[in-house]
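Asker: Each chain, written out:
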Amino acid sequence: MNSFLIKNIGDRSISVYFENIISPEINLNIHEIVERINKDKKSWLVDVVPTYNSFSVVFDINLTKSQEVKNYISEVLISKKNQEFVNENQTIINIPVKYGGEEGPDLEDVANYCNLSSDEIVKIHSSTLYLVYMTGFSPGFPYLGELDKRIHCPRLKKPRTRVSSGSVGLAGSQTGIYSIDSPGGWRIIGKTPMKLFDLKKKNPFPIIPGMKVKFFSVDLKEYTNIEKRIIEEKDFLGFEINND
Amino acid sequence: MTNNCFKVLDGGFLTTIQDLGRFGFASRGVSKSGPSDLNSFKIANLLLENNINSLTLEISYGLAKFLILKPITISITGANLNPLLNDNKIPMWRTLNVEKNDILSFGSSNIGFRSYVGVAGGINVPLVLGSGATHLASGLGGFSGEKLSKDDLISSYPLKDKKKMFMYIGKKNEGSKNIKLRVISGPQEDLFSSKVVDRFYSETFKATEKLDRIGVTLEGSTIPTHSGNHDIISDFTPEGSIQIPGNGKPLILLSDCQTTGGYPKIGVVASIDLPKLGQIGANDSIEFEKITVEDAERLYKIQNEEVSKKNISEIVIKEYSIGIIDSKYHVKLYKNDHKDSEDFQITVNGKYVEIEEVIDSFH
Chain A
0 MNSFLIKNIG
10 DRSISVYFEN
20 IISPEINLNI
30 HEIVERINKD
40 KKSWLVDVVP
50 TYNSFSVVFD
60 INLTKSQEVK
70 NYISEVLISK
80 KNQEFVNENQ
90 TIINIPVKYG
100 GEEGPDLEDV
110 ANYCNLSSDE
120 IVKIHSSTLY
130 LVYMTGFSPG
140 FPYLGELDKR
150 IHCPRLKKPR
160 TRVSSGSVGL
170 AGSQTGIYSI
180 DSPGGWRIIG
190 KTPMKLFDLK
200 KKNPFPIIPG
210 MKVKFFSVDL
220 KEYTNIEKRI
230 IEEKDFLGFE
240 INND
Chain B
0 MTNNCFKVLD
10 GGFLTTIQDL
20 GRFGFASRGV
30 SKSGPSDLNS
40 FKIANLLLEN
50 NINSLTLEIS
60 YGLAKFLILK
70 PITISITGAN
80 LNPLLNDNKI
90 PMWRTLNVEK
100 NDILSFGSSN
110 IGFRSYVGVA
120 GGINVPLVLG
130 SGATHLASGL
140 GGFSGEKLSK
150 DDLISSYPLK
160 DKKKMFMYIG
170 KKNEGSKNIK
180 LRVISGPQED
190 LFSSKVVDRF
200 YSETFKATEK
210 LDRIGVTLEG
220 STIPTHSGNH
230 DIISDFTPEG
240 SIQIPGNGKP
250 LILLSDCQTT
260 GGYPKIGVVA
270 SIDLPKLGQI
280 GANDSIEFEK
290 ITVEDAERLY
300 KIQNEEVSKK
310 NISEIVIKEY
320 SIGIIDSKYH
330 VKLYKNDHKD
340 SEDFQITVNG
350 KYVEIEEVID
360 SFH
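Top line first, the protein sequences correspond to chains A and B. Quick note on numbering that gives the first Met the number 0: the first sequence kicks off at 0 and runs consecutively. Quick note on numbering that gives the first Met the number 0: the second sequence kicks off at 0 and runs consecutively.
Hint data in this document are derived by calculation from the structure and do not stem from the laboratory. Careful, some of the hints might be misleading.
Subject to a maximum C-alpha distance of 20 Å in a straight line, what follows is the list of computed DMTMM-like cross-link-like pairs (lysine to aspartate or glutamate) [as the list claims (entries may be wrong)]:
1) A:Lys64 to B:Asp294
2) B:Lys331 to B:Glu355
3) A:Lys64 to B:Glu145
4) B:Lys300 to A:Asp59
5) A:Lys69 to B:Glu293
6) A:Lys69 to B:Asp294
7) B:Lys300 to A:Glu67
8) A:Lys6 to B:Glu188
9) B:Lys179 to B:Glu286
10) A:Lys64 to B:Glu304
11) A:Lys64 to B:Glu296
12) A:Lys6 to B:Glu286
13) A:Lys199 to B:Glu145
14) A:Lys6 to B:Glu296
15) A:Lys227 to A:Asp197
16) A:Lys6 to B:Glu304
17) A:Lys157 to B:Asp230
18) A:Lys156 to B:Asp230
19) A:Lys6 to B:Asp294
Quick caveat, the model's predicted, so the values are computed rather than measured.
Extracted from the complex, chain B is given alone in its bound form (with noise of 0.2 Å):
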């Protein structure tokens, strides 16, 4: 039996498969790659109870489609960029079953920039180096090392029993126009004048057009180093590093970056902050706050708390008939059991419906 689920109709910007990265291979010059949202993608494996580390879909600024080639549950999350399930709206951050012949289309937004598919069972590719991760630029893991493109077929694991529903009532990194990113102080900070470093901590950037899964390019008042030389001895690069090229414009790296550079890092953007990274889209506001390591990791403990189980709560189910003059409506109700949430879905005889106003809560 084939256990194809979706076959590309169109891959939109660029649409890559993603698991956690390609660890312990940096010395041999194989960049990490994986999520450039981690907290979106974790949320939309544990979402289906898979393996933390599953394969799934991620979807650049989007304009993607698929059609469903069997019945499986899925979970859409990241950056709401208007997914489409036969050109209904469907919501996010939850588990959906999806039908053979649906098909899943994805708009854009203004707002945030990645999106999460998530496969129950998980997406099934050839591991390379011990990772499925897509890296573009040297043609590694996914599918084929390239980026989704018309008719390609993906598979996934075959699974037995069909899933419990589950909804994510945590913190979600959906992208904002403001964003604001913790930093730890760069190896190559003493480069910089303390005015510069000042500067580079209060001054308002934007995100240029110049952004991928290596990096995005930012604009604002250039930030040189006092001996005008940029130019440093190649180091290592990790995911979040900030380098100022000979331009004096930042450049953040993102999931996708070389292992080494020869550009100074003035910071380091702190782990609870790279998932914002993978968010940011042309023309956002980029500002950077200094935080010290100790800080960082006390605040990593608790957003990693966060962005766990705890905060995936069952979807309870409740229908309704109701008659109104001579029609007939089905209303299903989705609603989680958590009793501190009010997030819930409805359906009107099978498609969701946008909710306008709540007069009075379900309990």
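Next comes chain A alone, as it looks inside the complex (with noise of 0.2 Å):
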């Protein structure tokens, strides 16, 4: 296994460091990593949050200390050097999205600025098996990789104030959706009417960390016939892609 620093972060949460690099398989052992600890339901784990190359374990400080959580960490990393964990996550969820137009104003200055036709950057974006490296910023936004060097493009210079849930954005080597109505510097592309956090739903976040997602894409009328069945359907989960 890839070698690890153990941190603290303040004294109410511990830190597991993997090498500095955004890679597919260190972000998969720490979602196997992190089930576990899930799985031990710890009296003092208040929560365990993954991230690209590290995860971190939050305590109740007036149930355990820090050296104890560290204790622990280390042991479950040492077991895990000895047995694979079996990573049941193995959910594959398609997500609609219109690109373009309303739904995705800068499709074309993504192509533009990549060289490459709007029609080549969806086809690009929409082949791509993503991994749901981790989920922040807002409640249930997927940070997803890796995005084909060819459509990489920067952050807006100015955020807009205000980007639309189902939003489908990129940022650098990054591409992620906007759960919620909030500000936001991603360039947008498109739209899904699926709904990343909802709370009317049994399950308000559909999509979570270590689960891999691909786009595919719809017309406008497909888009509103989706979202009518979203809004019906008690837990909507994506769609199975027929055609490969």
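Hints in hand, dock the two standalone chains.
Answerer: The structure is reproduced here in structure tokens:
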């Protein structure tokens, strides 16, 4: 396994850092460890937060101390070395996206920046199987990778004060989906009718770290139909793609 | 029967409803939120014999005004934002009985930033992901996820018995113009040269007006990383994180902060001093002192003892009738039953009066 560093983040959380790069192997390893810690359900556990190349264990300072949590994490990491945890999270979620137009106001700018046509951007963006590295920024916002190098582009110089939920954005080597209406500086190439944070549903977070997602292009009519279905169904989890 | 207890006449600068916070969803990008000053929040509830997680009002900066809709017992803690009941000054850090049609209002202050108003039984709002705490950026919890504004009606859980009166006699977190924060070195301290780290811990910074429930930006000499690069691979950012963005100005994160961030954390404020963050106002001086995790844990235990039932003391009321020339005064003395405490308040004909000088104690 990769080398790691265990560090304090204040007096009520411990973080474990792996190699200082963004890589799917390291990140998948992290999700396996996080799953194991969640299963252990220690009485003092408040949260386990996976990020790109690290994870953090938040604990109740009234029930334990940093050193004890560090000891526990070390044990988990050693046992991980000796046996492969099984990543049970093999779900692939297919996400419908209406690219360009009002739903994707930056698609043409991105195409110009990348010296490609809008259609090529859509084709490249929707042909990659992405890993959900982490969620952050707002409830349910997934940070997805890896984005094809041909469509890397910088953030907007001036962030928008309001990006509507469902907007699909690009920023550097990342792509993601705005989960709620919020300010934002990512370049918006399309929009999905899927709700990434929906308190009306049994499971408010349909996409969680460690999952895989794939986008597919829909037209405005399909977008509207899917939107209706999402509102009606109790637990909507994306689509199967039939053509491959 | 309606349980509405307040009608908002003016939400003031920023008033939200908070409980201890929304725990267990950081991995889903959900901010903890909760009170910016945990200790004052806790005392507001302890005074009322409430559950410690009961919802209270958090009043930032002040200028809020409420109409009381039914007889209730309340408590006001935190910064002294000059609370008034029907235009008369009222004491803080104790329970108070207020009546229907009373008007509770707040002024402002240049010392401290946030007051808490506890309500016996606790404020009643729907829970979202297990908590009623308001998170403004994502519109969760509290009053439709928003700050309080004119005509909002706030209800509380019903209570049967009239409560005993209590006073808090422990250390108070009221804010200060000079704030010292004890800090545990952060996971990216090594991105700064030792000279810059030393400067960070010896410099006096100043809080700017860029402050809200998410964070406080400081001014002072800049704190550059040795490479000049201030982007890190995003990682977890708990409350109290001291981030150094590209402009070199420290940004301290408060309870509404995002769960992850991409700026290096030179340090993280220790739990004992997190409540102080909630009382930072613009232009306050801020200094940092590095401590070890072991010291932080030891000091937290001591503070936790202080901010507890141990320092909640029952109020004993003594009544006097005084006749001076042809006027009659009904004087009530509110004193707690703790022998070491000299805290007391006096009402004359039902109004609280300011005490200029104590000539003799009331033992």
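Asker: Would you mind marking each hint as holding or not holding in the structure?
Answerer: A quick look at each hint next to the structure:
no.: 1; hint: A:Lys64 to B:Asp294; result: holds, 11 Å
no.: 2; hint: B:Lys331 to B:Glu355; result: holds, 17 Å
no.: 3; hint: A:Lys64 to B:Glu145; result: violated, 36 Å
no.: 4; hint: B:Lys300 to A:Asp59; result: holds, 13 Å
no.: 5; hint: A:Lys69 to B:Glu293; result: holds, 13 Å
no.: 6; hint: A:Lys69 to B:Asp294; result: holds, 17 Å
no.: 7; hint: B:Lys300 to A:Glu67; result: holds, 16 Å
no.: 8; hint: A:Lys6 to B:Glu188; result: holds, 11 Å
no.: 9; hint: B:Lys179 to B:Glu286; result: holds, 5 Å
no.: 10; hint: A:Lys64 to B:Glu304; result: holds, 17 Å
no.: 11; hint: A:Lys64 to B:Glu296; result: holds, 7 Å
no.: 12; hint: A:Lys6 to B:Glu286; result: violated, 24 Å
no.: 13; hint: A:Lys199 to B:Glu145; result: holds, 19 Å
no.: 14; hint: A:Lys6 to B:Glu296; result: holds, 16 Å
no.: 15; hint: A:Lys227 to A:Asp197; result: holds, 15 Å
no.: 16; hint: A:Lys6 to B:Glu304; result: violated, 28 Å
no.: 17; hint: A:Lys157 to B:Asp230; result: holds, 18 Å
no.: 18; hint: A:Lys156 to B:Asp230; result: holds, 16 Å
no.: 19; hint: A:Lys6 to B:Asp294; result: holds, 16 Å
The structure fails hints 3, 12 and 16 (numbered hints given earlier, in ascending order).
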